[in-house]
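S.K.: Chain residues, written in single-letter form:
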Amino acid sequence: MGEALIAARGLQKRFGDFVAVAGVDFEVMTGEAFGFLGPNGAGKSSTMRMIAATSSRSAGELEVLGRDPDVDGPSVRSRLGVVPQEDYLDLELSVADNIFVYGRYFGIPRKLLRARIDELLEFVQLTERARDRVDTLSGGMKRRLTIARSLVNQPDCLLLDEPTTGLDPQARHLLWDRLYNLKAQGVTLVLTTHYMDEAEQLCDRLVVMDKGRIMAEGSPRELIERYVTREVVELRFGPGEAPSMAARVAPMAERVEVLADRLLLYTDRGDEVADEVHANGLSPASTLVRRSSLEDVFLSLTGRNLTD
Amino acid sequence: MSVPTFLRPVAYYWSAYKRTWKSQLSDVLVGPLLYLASLGVGLGSLVGHGHRLASLGGQDYLSFVAPALLATTAMQMALVLSTWEIFAYVSPWNGAYRSMQTSPISVQGIVVGQLTWIVLRVELASAAYLLVSAAFGAVHSPYALGALVVGPLVGLAFGAPTAAYSVTVRHDQPLVLIFRLFMLPLFLFSGTFFPLSQLPVGLRYVAYALPLWHGVELSRSLYAGHLGGDFVLHLAYLAAVAAVGTVVAGATYARRLAR
Ligand SMILES: Nc1ncnc2c1ncn2[C@@H]1O[C@H](COP(=O)(O)OP(=O)(O)O)[C@@H](O)[C@H]1O
Ligand SMILES: [Mg+2]
Chain A
22 MGEALIAARG
32 LQKRFGDFVA
42 VAGVDFEVMT
52 GEAFGFLGPN
62 GAGKSSTMRM
72 IAATSSRSAG
82 ELEVLGRDPD
92 VDGPSVRSRL
102 GVVPQEDYLD
112 LELSVADNIF
122 VYGRYFGIPR
132 KLLRARIDEL
142 LEFVQLTERA
152 RDRVDTLSGG
162 MKRRLTIARS
172 LVNQPDCLLL
182 DEPTTGLDPQ
192 ARHLLWDRLY
202 NLKAQGVTLV
212 LTTHYMDEAE
222 QLCDRLVVMD
232 KGRIMAEGSP
242 RELIERYVTR
252 EVVELRFGPG
262 EAPSMAARVA
272 PMAERVEVLA
282 DRLLLYTDRG
292 DEVADEVHAN
302 GLSPASTLVR
312 RSSLEDVFLS
322 LTGRNLTD
Chain B
17 MSVPTFLRPV
27 AYYWSAYKRT
37 WKSQLSDVLV
47 GPLLYLASLG
57 VGLGSLVGHG
67 HRLASLGGQD
77 YLSFVAPALL
87 ATTAMQMALV
97 LSTWEIFAYV
107 SPWNGAYRSM
117 QTSPISVQGI
127 VVGQLTWIVL
137 RVELASAAYL
147 LVSAAFGAVH
157 SPYALGALVV
167 GPLVGLAFGA
177 PTAAYSVTVR
187 HDQPLVLIFR
197 LFMLPLFLFS
207 GTFFPLSQLP
217 VGLRYVAYAL
227 PLWHGVELSR
237 SLYAGHLGGD
247 FVLHLAYLAA
257 VAAVGTVVAG
267 ATYARRLAR
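Chains as they are written, first to last, in this note's numbering: chain A, 22 to 329; chain B, 17 to 275.
In isolation and in its complexed conformation, chain A is listed as follows:
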């Protein structure tokens, strides 16, 4: 891995008295896929807008592509690709025209632009829809168009704010596939998500964000190793029963999380613990042994679920 493409120290964003980003430190290396994982309101979009040089920071230091985005905004933006949380497409213009107009914002000559649009539409599998109005596209197609548009200036680094929120599983997988492809071409990816599976699938490294702060940093595997056990036994109980069972299972696991309808038993020996639970005369409505995920990491760090 190369040098840091993005570096933040004590980065803050305030809206009046409200602190949206409360002093965060992170570095994104050239060529990696870096993620911000956190629930709604964590400050992910605010952070992304500061990186994208569309919103100025309230305090701290930030370097993007070796420059200060508050000072050299235009030159930083000329080398970034941005997929905002909202698509911001003109629904009445055609697919190709949306990219064309955006390319003109970057001063790309018409002829070059036309050729590049063909390639980009090919890349996101929208060639057949080039002449169609954007309001005839599905949500997944619009998202792919926004990605194609963001690549029109051949950016060194692509910023994606919740790339697959609201999409069905098939559309998500198609989109992930395109992002793997970009990464393989050497484009640095920075993305935000509140889906733990997306973070696990796409990110080499990520930070877990909550309430404007970074709670943890590492690869998905490192975070799981550091904050939770390898496996989880999920015991589901009737309404309100779970909390009263917590004391009885506590000795069997390394740690127990108590939710309203469930107990999560963190252990490296899932099947054995599940057997032990039943041998002790407990009879949960269902028992599930599964591998730990980033969702468990978030729960262990904050006591809350990612998508509540």
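Hints were generated in silico from the structure; no laboratory data involved.
Built from N, CA and C at the ideal position, the CB exists for glycine as well.
Keep in mind that the hints are not guaranteed to be accurate.
Label-pair ranges, simulated between beta-carbon atoms [as the list claims (entries may be wrong)]:
(1) B/Leu45 / A/Leu133: 36 to 42 angstroms
(2) B/Lys38 / A/Gln206: 41 to 47 angstroms
(3) A/Leu133 / B/Pro20: 16 to 22 angstroms
(4) B/Leu193 / A/Ala43: 36 to 42 angstroms
(5) A/Arg152 / B/Tyr33: 16 to 22 angstroms
(6) B/Asp43 / A/Arg152: 40 to 46 angstroms
(7) B/Leu45 / A/Ala151: 29 to 35 angstroms
(8) A/Ala151 / B/Ser61: 54 to 60 angstroms
(9) A/Pro130 / B/Val185: 33 to 39 angstroms
(10) A/Gln106 / B/Leu193: 28 to 34 angstroms
(11) A/Gly239 / B/Val185: 42 to 48 angstroms
(12) B/Asp43 / A/Thr148: 47 to 53 angstroms
(13) A/Thr148 / B/Lys38: 35 to 41 angstroms
(14) B/Asp43 / A/Asp218: 50 to 56 angstroms
Listed below are the simulated BS3-like cross-link pairs for lysine-lysine, each with C-alpha atoms no more than 30 angstroms apart in a straight line [to be verified]:
(15) A/Lys204 / A/Lys132
(16) A/Lys163 / A/Lys132
(17) A/Lys163 / A/Lys204
(18) B/Lys34 / A/Lys163
(19) B/Lys34 / A/Lys132
(20) B/Lys38 / A/Lys163
(21) B/Lys38 / A/Lys132
Mind docking chain B with the ligands on chain A? Use the hints.
M.R.: Using the frame of chain A, we list chain B with the ligands on its own:
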């Protein structure tokens, strides 16, 4: 040679305009035609039986009303372009400004690009109006070509402050009120259809304070070919409103977009 960044947004406005240019252009031509036919020719034949009247500055009614409608056309065009459209450009379902913002174009470039587009559109409408009114025989001097400057200036004097406001609103109701409570009275009572001297003194001062009357006066002296001493004052007033509006737009755009 690449396009300066502040002109790049025009690529977007042009694409969006091209989609409906036929209906837009016919609006620009048909509107003035109907107004001039009904007010200038129809009403004009009743007012003083089509003769010149001292109360209208020694003009017949058609020649009195035709230049005023140039200024009102410029105002209307500018207000339409600086309200609904701008509301859409900051909103998620269009968001044109939001996507300009992720390009090298700065917020100030977005402001200048927007106002440039308004000026171009008003220029087009002014040229169309000039042709139509000449065809009606309402143009009495080659100075009337100056309408190609006065029209856009009136447009900017309305468009810049209105854009500065529209970019701040979160709902579109206040924009409806701009048309009902502001544009319509101005349209009717700015010395457009009858001389300002017919108004009570208090209302006269309201008309003096707002841009339309100045545009009407400028346009009238150009159409008639009599450039009086206050010509420069009217010009200076409109230029000042346009300049202040542009500066304020720079500030309100930055507040809304660059947070
Ligand atoms: N322009 C703004 N003005 C005021 N508050 C804002 C603004 N943008 C975001 N916020 C607030 O900042 C917090 C973080 O928002 P955001 O960065 O969008 O979080 P996320 O993308 O993680 O959901 C939220 O509480 C949000 O309401
Ligand atoms: Mg967000």
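S.K.: It remains to establish, for every hint, whether it holds in the given structure.
M.R.: Quick rundown of the hints versus the structure:
1. B/Leu45 / A/Leu133: 36 to 42 angstroms: Cβ of B/Leu45 to Cβ of A/Leu133: about 37 angstroms, so the range 36 to 42 angstroms holds.
2. B/Lys38 / A/Gln206: 41 to 47 angstroms: 43 angstroms, holds
3. A/Leu133 / B/Pro20: 16 to 22 angstroms: The hint (16 to 22 angstroms, Cβ to Cβ) holds, given that A/Leu133 and B/Pro20 are roughly 19 angstroms apart.
4. B/Leu193 / A/Ala43: 36 to 42 angstroms: 40 angstroms, holds
5. A/Arg152 / B/Tyr33: 16 to 22 angstroms: 19 angstroms, holds
6. B/Asp43 / A/Arg152: 40 to 46 angstroms: Violated, since B/Asp43 and A/Arg152 (Cβ atoms, about 27 angstroms apart) do not stay within the stated range.
7. B/Leu45 / A/Ala151: 29 to 35 angstroms: 34 angstroms, holds
8. A/Ala151 / B/Ser61: 54 to 60 angstroms: 56 angstroms, holds
9. A/Pro130 / B/Val185: 33 to 39 angstroms: Check passed, 37 angstroms falls within 33 to 39 angstroms.
10. A/Gln106 / B/Leu193: 28 to 34 angstroms: The hinted range 28 to 34 angstroms holds for A/Gln106 and B/Leu193, with Cβ atoms some 32 angstroms apart.
11. A/Gly239 / B/Val185: 42 to 48 angstroms: Taking Cβ atoms as reference, A/Gly239 and B/Val185 lie about 45 angstroms apart, which means the hint holds.
12. B/Asp43 / A/Thr148: 47 to 53 angstroms: 36 angstroms, violated
13. A/Thr148 / B/Lys38: 35 to 41 angstroms: For B/Lys38 against A/Thr148, whose Cβ atoms are near 29 angstroms apart, the range 35 to 41 angstroms is violated.
14. B/Asp43 / A/Asp218: 50 to 56 angstroms: Given about 52 angstroms between the Cβ atoms, the range holds.
15. A/Lys204 / A/Lys132: 27 angstroms, holds
16. A/Lys163 / A/Lys132: Satisfied, since the Cα-Cα distance of roughly 24 angstroms is no more than 30 angstroms.
17. A/Lys163 / A/Lys204: 21 angstroms, holds
18. B/Lys34 / A/Lys163: 22 angstroms, holds
19. B/Lys34 / A/Lys132: Given pair B/Lys34, A/Lys132 holds - Cα atoms ~20 angstroms apart, limit 30 angstroms.
20. B/Lys38 / A/Lys163: 28 angstroms, holds
21. B/Lys38 / A/Lys132: 27 angstroms, holds
Hint check: violations occur at hints 6, 12 and 13; the rest are consistent with the structure.
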